[in-house]
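Protein chains: 2
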Amino acid sequence: MKAFQDCYPMKYAHCYGCGRENAMGLQLKSYWNGVDTQAHFTPGMQYSGGVPGHVYGGMIASLLDCHGTASAAAFACRERGKDMTQEANPARFVTVSLSVNFKRPTPQGVELCMRAQLLGVEGRKVRMSLCLLAGDQVCATADMLAIELLPEAP
Amino acid sequence: MKAFQDCYPMKYAHCYGCGRENAMGLQLKSYWNGVDTQAHFTPGMQYSGGVPGHVYGGMIASLLDCHGTASAAAFACRERGKDMTQEANPARFVTVSLSVNFKRPTPQGVELCMRAQLLGVEGRKVRMSLCLLAGDQVCATADMLAIELLPEAP
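Those sequence lines, one after another, are chains A and B. Our numbering numbers the first residue of the first sequence as 115 and each following residue consecutively. Our numbering numbers the first residue of the second sequence as 115 and each following residue consecutively.
Rather than coming from a laboratory, the hints here were simulated on the basis of the structure. For every residue, glycine included, the Cβ atom is placed at its ideal position computed from N, Cα and C. The reader is advised that the hints may include incorrect statements.
Here chain A is said to cover these stretches of chain B; the calculated rule only asks that three of the stretch's residues, wherever they fall, bring their Cβ under 8 Å from a Cβ of chain A [unchecked claim]:
{"no.": "1", "stretch": "126-132"}
{"no.": "2", "stretch": "136-149"}
{"no.": "3", "stretch": "159-173"}
{"no.": "4", "stretch": "176-189"}
{"no.": "5", "stretch": "212-218"}
{"no.": "6", "stretch": "230-244"}
Output of the computed footprint for chain B on chain A, the stretches with three or more beta carbons under 8 Å from beta carbons of chain B [as the list claims (entries may be wrong)]:
{"no.": "7", "stretch": "142-155"}
{"no.": "8", "stretch": "184-190"}
{"no.": "9", "stretch": "201-209"}
{"no.": "10", "stretch": "227-238"}
{"no.": "11", "stretch": "249-255"}
Part of the chain A face toward chain B, derived, beta carbon under 10 Å [unchecked claim]:
{"no.": "12", "residue": "M138"}
{"no.": "13", "residue": "P166"}
{"no.": "14", "residue": "L264"}
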């Protein structure tokens, strides 16, 4: 199964969090999970919070943000009756706003799961609800609004 | 002038974003700027967004989050009539919620400035308004709620 990020147009594939063209980056990969989406990632032990043993907040926001923008593209394509992974030049979204609620400390050394649920598509904007889990524990939730980049003038 | 993060108790000084004990981390440093606070940081070129030339959203959230938790500690100490940089065991805050609004693309290769303004202290909670600037351009704003860690049982 092709990850959403593996379908990004080459010129938009350099994101540190999820770009396949960024060799130094995290290379997050997002996929369908039924009608929702999901991604899995295990942060390295250097990404500690203030207290060793917990993941730092910036990593949690990064994982939610990158999974969210990829999911926004996939959701928008689906709403338009298309399959993102089959498109030659699929939509590319960026974040307008991201609100993260940190529910409990996120443990290090375990695989994290990020999920996104579509709330609505309106024109170029996609609204989603996201969460980050460690096992069956929800460690963070987020609301996100993403917007599609306009095509460049030829 | 001592940075807020340089006053963190040793056991809380391992944050990837701002811990002085994390040799692999970003080592963000926050200071007073009048009644507000500020920090400066120039992200490495690997921290690109999808489009090279812009900083990725996760880095922006990370810088705001780390500057915010450090500022929360400094603001709380000040409200209690103390100077954080003179305390042997100052307060340590973690994030409850962080809402980031991305106002415009954040350029790479320039020093960024993060600022925090106190909105209110209520018991263990500190509410702040934050922004991230590149030169005189506001690239992102954020609202943040942070909470003081409880002292551990002896």
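>> Of the numbered hints stated earlier in the document, which are not met by this structure?
In response: 6, 7, 8, 10, 11, 14
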